[in-house]
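A.B. asks: Chains as they are written, first to last, in the numbering used here: chain V, 1 to 275; chain E, 1 to 275; chain C, 1 to 275.
By construction, these hints were calculated from the structure, which means they are not laboratory data.
Remember, it's a predicted structure, so these values are computed and weren't measured experimentally.
It is possible that part of the hints are untrue.
Said to hold, decoys possible - To give an idea of the interface, some chain V residues facing chain C are shown, with a C-beta separation under 7 Å as derived from the structure:
1) D62
2) I196
3) F200
4) S225
5) C228
What the hints assert, rightly or not - Far from chain E, by Cβ distances over 10 Å, these chain V residues were calculated:
6) L12
7) D14
8) P15
9) K21
10) G22
11) S26
12) G30
13) G74
14) N114
15) S123
16) R129
17) I171
18) D263
19) R264
Where is the CB? At the ideal position from N, CA and C, for every residue including glycine.
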Amino acid sequence: MPVISLLTDFGLKDPYAGIMKGVILSICPGTPIIDITHLISPQDVHEAAYVLSVAYPYFPQDTIHVAVVDPGVGSGRKIAAVKTEAGVFIAPDNGLLNLVLEEQKVLAAFSLENPDIFIHPVSRTFHGRDIFAPAAARLACGMEMEMFGAPLDTESLVRLDFGSPPEVDEIGVIRGSVITADRFGNLVSNIRQSHIKEAFGEGISFGQQVCIRAGGRIIRGLSDSYNCVPKGELLAIIGSSNRLEISVNAGNAEKQLKLGRKDRVEVYLCREPEK
Amino acid sequence: MPVISLLTDFGLKDPYAGIMKGVILSICPGTPIIDITHLISPQDVHEAAYVLSVAYPYFPQDTIHVAVVDPGVGSGRKIAAVKTEAGVFIAPDNGLLNLVLEEQKVLAAFSLENPDIFIHPVSRTFHGRDIFAPAAARLACGMEMEMFGAPLDTESLVRLDFGSPPEVDEIGVIRGSVITADRFGNLVSNIRQSHIKEAFGEGISFGQQVCIRAGGRIIRGLSDSYNCVPKGELLAIIGSSNRLEISVNAGNAEKQLKLGRKDRVEVYLCREPEK
Amino acid sequence: MPVISLLTDFGLKDPYAGIMKGVILSICPGTPIIDITHLISPQDVHEAAYVLSVAYPYFPQDTIHVAVVDPGVGSGRKIAAVKTEAGVFIAPDNGLLNLVLEEQKVLAAFSLENPDIFIHPVSRTFHGRDIFAPAAARLACGMEMEMFGAPLDTESLVRLDFGSPPEVDEIGVIRGSVITADRFGNLVSNIRQSHIKEAFGEGISFGQQVCIRAGGRIIRGLSDSYNCVPKGELLAIIGSSNRLEISVNAGNAEKQLKLGRKDRVEVYLCREPEK
């Protein structure tokens with residue numbers, strides 16, 4: 001039986017996440033349900049997209065990921081159900097799936113719109129309960145996704161602006177940008193370890209030869225851990241999501257650099273002589 | 001195997017909810033356990049009663065709902081175990097089950113008092129672990145509720161004052177009251193959509209013909225969504241629990257109207273001409 | 001199938017706990033996973049050790065307890081996997097298992113170091129995902145703990161300073177100390193009910209004949225509940241973990257006595273005449 005994962009901004013005080021689980025187990029008893037988080041900042045679709053992209057690779061490949069951060073609930077926004085080799089994803093068509101779909105090939109996609117699948121009456125404000133949870137539960141118990149509604153062209157889905165994807169310019173500089181800051185103030189960029197290896201080769205000693213520029217500052221080399229630099233100093237590190245992150249040892253890079261989403265981050269082979 | 005749901009004010013930092021789950025799985029391995037919430041405001045039985053009443057209808061009908069908001073722990077308060085067509089409810093006799101029992105017919109009810117069911121030694125302060133969890137687990141694994149103790153007359157249970165249940169007076173005004181305010185400041189009343197339909201008929205256009213009076217203000221019509229009125233303005237809406245709620249678009253009705261639990265809310269066919 | 005319990009300081013906003021569960025279910029589908037807590041104060045190994053010691057006795061005896069409060073992640077610290085009659089414990093070698101191992105006989109212990117067990121690439125900062133979760137999942141699905149690495153002498157594990165274990169001196173005074181204060185300001189000591197019974201006998205009326213000294217104050221007798229003394233007054237009580245606790249009715253003993261970890265607590269047969 002596939003796992004259903006839940007990612008929402010519903011919080012943990014109200015019973016909303018628990019109610020979604022009640023609905024799932026009413027329709028498909030025995031389904032394992034795992035919370036990714038219910039503490040996405042309210043209505044922050046960018047954050048939700050990032051958190052989902054970090055988490056999904058570690059789930060079983062037939063997991064049904066349900067992500068409900070949905071400022072457009074009650075409006076005419078579509079709901080997308082997308083099948084990939086890394087699982088099924090059900091989310092509002094508001095950009096929440098952008099980062100996943102950058103990484104995963106779409107095997108099938110449908111618009112979730114068949115009222116036979118919903119719980120009735122469908123409320124105006126709680127589609128997590130009335131639409132998302134029953135759809136995921138029916139899939140888990142064997143319904144074919146074709147039943148959800150019309151096929152969906154995932155190219156037509158809403159695209160969030162996470163800044164441009166990283167590009168390598170003519171002089172060999174990787175130009176990426178900040179996706180999000182985590183609660184420790186670490187700035188997560190959209191530059192992956194694989195981008196750096198592709199640009200500069202596997203064999204390079206990143207720790208010494210790569211320079212990172214962000215917020216007018218230059219960081220020389222990648223650190224192995226936060227405490228490789230003195231407290232309060234900037235460092236660059238490949239974080240647990242394999243993305244380049246900019247941090248301050250025992251400090252807050254977001255505040256120190258005054259950077260945020262979409263601000264520029266660059267990586268290049270150091271030309272400056274090491275001091 | 002039936003689901004066990006948990007609703008407490010134990011918080012999520014301390015291990016208390018986890019310990020209850022350990023007890024349940026020790027006694028009845030494989031039981032699915034779902035958290036409704038553990039963040040009920042400490043000792044707020046009114047809030048617990050409301051949250052339970054909103055959540056239980058979405059769980060499987062053989063669910064065992066365990067609700068432990070229990071300021072009287074260690075005193076002589078009884079513990080009620082009540083079987084209904086919507087599941088079993090185990091809670092202290094402090095009013096926590098009032099709203100559920102307004103809606104559900106009691107099939108059987110017992111006082112949970114048989115020490116053979118408890119974990120010993122029974123602590124003075126943690127009956128969730130020593131009494132509630134083992135009782136629920138034994139039920140889940142097939143014990144008959146008759147084993148719990150003496151039959152209980154649910155008419156004799158402690159009644160919380162949620163304000164009077166809604167009544168329709170001689171001139172056709174539904175008089176209800178506020179049950180609770182949620183964390184967004186929405187005022188949830190005890191007037192259900194069904195009360196309005198019974199009083200005024202199925203066919204009526206609520207959006208235009210119904211007026212709501214609360215806190216000295218009159219709201220004309222029911223809104224379909226929060227943003228049907230300008231920001232900062234009052235509206236009335238049927239919330240996701242099918243109760244009449246009073247809200248402020250992008251604001252806080254509780255603060256704006258200075259209303260709280262038991263304050264009066266009235267619904268009637270508008271006599272005022274629409275402006 | 002054994003339960004896996006999780007105890008971390010990862011918080012609930014970030015997806016880290018959810019990711020660990022995804023890893024576990026990817027490796028060993030169907031494993032029941034229970035959160036003890038993810039809200040240990042960041043890097044507070046003392047608190048983690050105490051919370052684990054309070055929780056584990058209530059879990060099934062074949063539970064695999066995974067505790068990740070790990071300030072030394074990425075350094076050369078070992079990871080201990082210890083089998084006892086009360087379950088398996090996997091934790092960094094930083095003292096986290098001290099209190100459990102005071103109570104439980106070690107049946108087998110290994111250093112978790114076999115890279116075949118890990119998820120690769122192993123990150124520098126998230127061993128919960130890359131090492132702890134896969135190890136627990138493989139055990140749950142039948143791997144022998146011998147596969148983890150070299151046998152470990154648990155006598156050699158790092159020892160936290162929780163203050164000395166309680167001792168009874170030549171004049172019959174039990175000398176113990178404070179382990180932790182909970183969030184209500186209750187001071188939890190390392191003196192167990194069993195220590196008191198051993199020192200003074202089963203038959204004694206603790207409520208009258210035992211005196212407790214802490215922070216320069218003397219408390220006469222053990223209370224049955226907080227409200228046995230007037231509001232604002234000190235009391236001593238056997239808490240739900242069977243340890244002697246010092247509390248203030250409707251107040252905060254930690255603040256009132258200005259006591260904390262390792263401060264002295266003494267119990268003796270009262271010599272002072274009762275007033």
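A.B. asks: Now look at each hint and say whether the structure bears it out.
C.D. replies: Quick rundown of the hints versus the structure:
{"no.": "1", "hint": "D62", "result": "10 Å, violated"}
{"no.": "2", "hint": "I196", "result": "14 Å, violated"}
{"no.": "3", "hint": "F200", "result": "18 Å, violated"}
{"no.": "4", "hint": "S225", "result": "5 Å, holds"}
{"no.": "5", "hint": "C228", "result": "10 Å, violated"}
{"no.": "6", "hint": "L12", "result": "6 Å, violated"}
{"no.": "7", "hint": "D14", "result": "7 Å, violated"}
{"no.": "8", "hint": "P15", "result": "4 Å, violated"}
{"no.": "9", "hint": "K21", "result": "5 Å, violated"}
{"no.": "10", "hint": "G22", "result": "4 Å, violated"}
{"no.": "11", "hint": "S26", "result": "5 Å, violated"}
{"no.": "12", "hint": "G30", "result": "7 Å, violated"}
{"no.": "13", "hint": "G74", "result": "5 Å, violated"}
{"no.": "14", "hint": "N114", "result": "20 Å, holds"}
{"no.": "15", "hint": "S123", "result": "4 Å, violated"}
{"no.": "16", "hint": "R129", "result": "7 Å, violated"}
{"no.": "17", "hint": "I171", "result": "48 Å, holds"}
{"no.": "18", "hint": "D263", "result": "29 Å, holds"}
{"no.": "19", "hint": "R264", "result": "33 Å, holds"}
When the structure is compared with the earlier hints, violations turn up for hints 1, 2, 3, 5, 6, 7, 8, 9, 10, 11, 12, 13, 15, 16 and for no others.
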